[in-house]
Amino acid sequence: MTAALKVIAPGLHTSLQDDGRRGFQDVGVPVSGPLDRVALRLANALVGNPQDTAALEILVQGPTLEVMSQSVRVALVGGSGGLDILDGQERVAPPGESVRLTQGTRLRVRGLGKVSCAYLAIEGGFAATPVLRSVSTYTRGGLGGLDGRPLAAGDILPISAGAVEERPELALPSPLDPGLDQPIRAVLGPQDDFFSEGAIGTFLSSTYTVSAQADRMGFRLEGPKLDHAKGYDIVSDAIVDGSTQVPGSGQPIVLLVDAQTTGGYP
Amino acid sequence: MTDVRFLPAGDTALIVEFGAEVERDLSDRVLSLSDQVRLAKLPGVTETVPTFRSLAVHYDPLATSSETLVSATRELLAHPPQRRPPARLWRVPACYDQRCAPDLAEVARAKELTADEIVRAHSRTRYHVYMVGFVPGFPYMGDLPPELVLPRRTDPRVRVPPGSIAIATTLTAVYPIESPGGWHLVGATPVRLFDSAWERPALFSPGDAVLFEPIPFAEHERIGRAVASGDYAVRSESLAP
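So the protein sequences, as listed, match chains V and E.
Position 33 of the first sequence, counted from 1, bears residue number 35 in our numbering, the numbering being contiguous throughout.
Position 193 of the second sequence, counted from 1, bears residue number 195 in our numbering, the numbering being contiguous throughout.
No lab work stands behind these hints: they were computed from the structure.
These figures come from a predicted structure and were not determined experimentally.
Ideal Cβ positions, reconstructed from N, Cα and C, are used throughout, including at glycine.
Only true hints are included.
Derived contacts from chain V toward chain E, CB cut-off under 7 Å, selection only:
#, residue
1, ARG24
2, GLY25
3, GLN27
4, ASP28
5, VAL29
6, VAL133
7, LEU134
8, GLY143
9, LEU145
10, VAL237
11, SER238
12, VAL242
13, GLY244
14, GLN262
15, THR263
16, THR264
Chain E is nowhere near these chain V residues, computed Cβ spacing over 12 Å in every case:
#, residue
17, ALA5
18, ALA95
19, PRO177
20, GLY200
Required output: the full structure, derived from the provided sequences and hints.
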């Protein structure tokens with residue numbers, strides 16, 4: 003029997019992510035890894051894995067998978083929809099709870115609701131070969147995961163455990179609150195002196211909306227224009243997860259885990 | 003060291019800024035500090051990323067703090083090393099045949115030189131690898147001889163083939179993987195610049211030196227086949243510290 007999951011439908015962009023790829027940013031390799039580290043770690047905890055074990059990162063629309071092994075234990079963390087369990091007696095496994103499934107069962111990730119990112123962890127983890135010390139998928143460079151790409155229909159995802167023991171299932175004590183109504187904290191710099199005082203004030207007091215141009219590299223924001231005081235070309239400087247660049251348009255771009263390691267806007 | 007600025011990049015990186023120009027002296031100071039920070043194995047530091055004019059010190063905010071790293075870095079800056087970090091000189095075969103150099107004629111027209119003069123100028127210069135970024139393994143190298151300096155293309159390409167040798171502003175580069183690009187393509191190399199199977203996945207490291215050695219098109223194809231079958235190693239030598 004194959005210890006694996008079969009991909010029936012891949013979802014919009016489903017990829018394997020562990021803690022990320024560190025130590026190669028000086029040669030242009032981004033860290034990658036999870037967009038939501040807390041959710042990844044909680045999903046792993048629910049199935050009894052070390053916290054940074056690779057799991058499936060699900061963006062916007064999730065996959066449908068079929069259990070090929072004797073039994074597996076999975077947990078979905080992120081979003082409000084949970085999992086449809088299709089094993090003859092249709093039921094829903096809520097998010098934030100582990101569930102044991104047997105061979106032939108299909109699981110379908112339901113709509114995520116207000117968030118766009120969730121993690122499906124599996125007991126024992128996925129059996130993927132690390133590339134540059136990590137199995138995190140970096141699609142632009144074709145590194146990690148499944149040949150450096152997101153899931154596709156028909157893929158077989160090897161897993162480490164062929165069968166899992168029955169045990170009381172684990173659940174989060176309360177639903178994961180992503181704090182969507184909370185302000186986002188920011189550290190100014192390193193080029194905050196490229197902006198007028200007014201622009202900084204506008205940035206810190208206005209509402210910005212995430213545009214449709216969004217992926218694991220980053221997203222464009224739409225909102226009040228930010229004026230530069232010293233131009234918008236800089237000699238390239240380093241980028242971190244969360245760096246916010248403002249090109250000539252005055253509309254901020256928030257850079258994420260797959261962003262290039264250096265950038266040329268303040 | 004009054005001219006060094008310590009700037010935050012969120013709560014996971016400290017930027018040590020030496021200036022705001024592409025300049026060899028600045029680069030040497032950045033690379034020297036990068037080497038010192040690595041050797042010092044400061045607790046909580048996860049990696050360092052040298053750029054043209056700054057060093058990013060990435061850290062785990064649960065294991066150290068920006069304040070701790072600022073004082074540790076000040077201490078290192080006060081005691082600059084006697085020796086420069088180890089580096090290599092790479093001799094890179096470069097084909098400037100028109101089949102490998104779609105922009106060479108245009109560059110020659112823009113600079114009012116012949117294509118041969120462009121090739122001679124580009125291949126007689128020993129370049130310094132300032133930094134690696136943009137895509138994995140993409141080396142920003144300089145400085146170009148003054149007669150080759152020109153702005154980026156007004157019309158960037160959606161796809162630049164891997165191995166393309168390019169120039170723009172005062173810099174030259176090689177595209178390691180297929181990617182979009184706005185630089186002028188003046189040649190191509192058959193060697194591989196990035197391979198995730200290597201322990202150090204990029205051929206060049208910041209601080210290395212690079213010389214392009216012109217080869218005819220037939221040799222370009224021959225080396226390309228040898229690279230594909232794993233029978234080719236780029237010539238390089240250690241640079242005296």
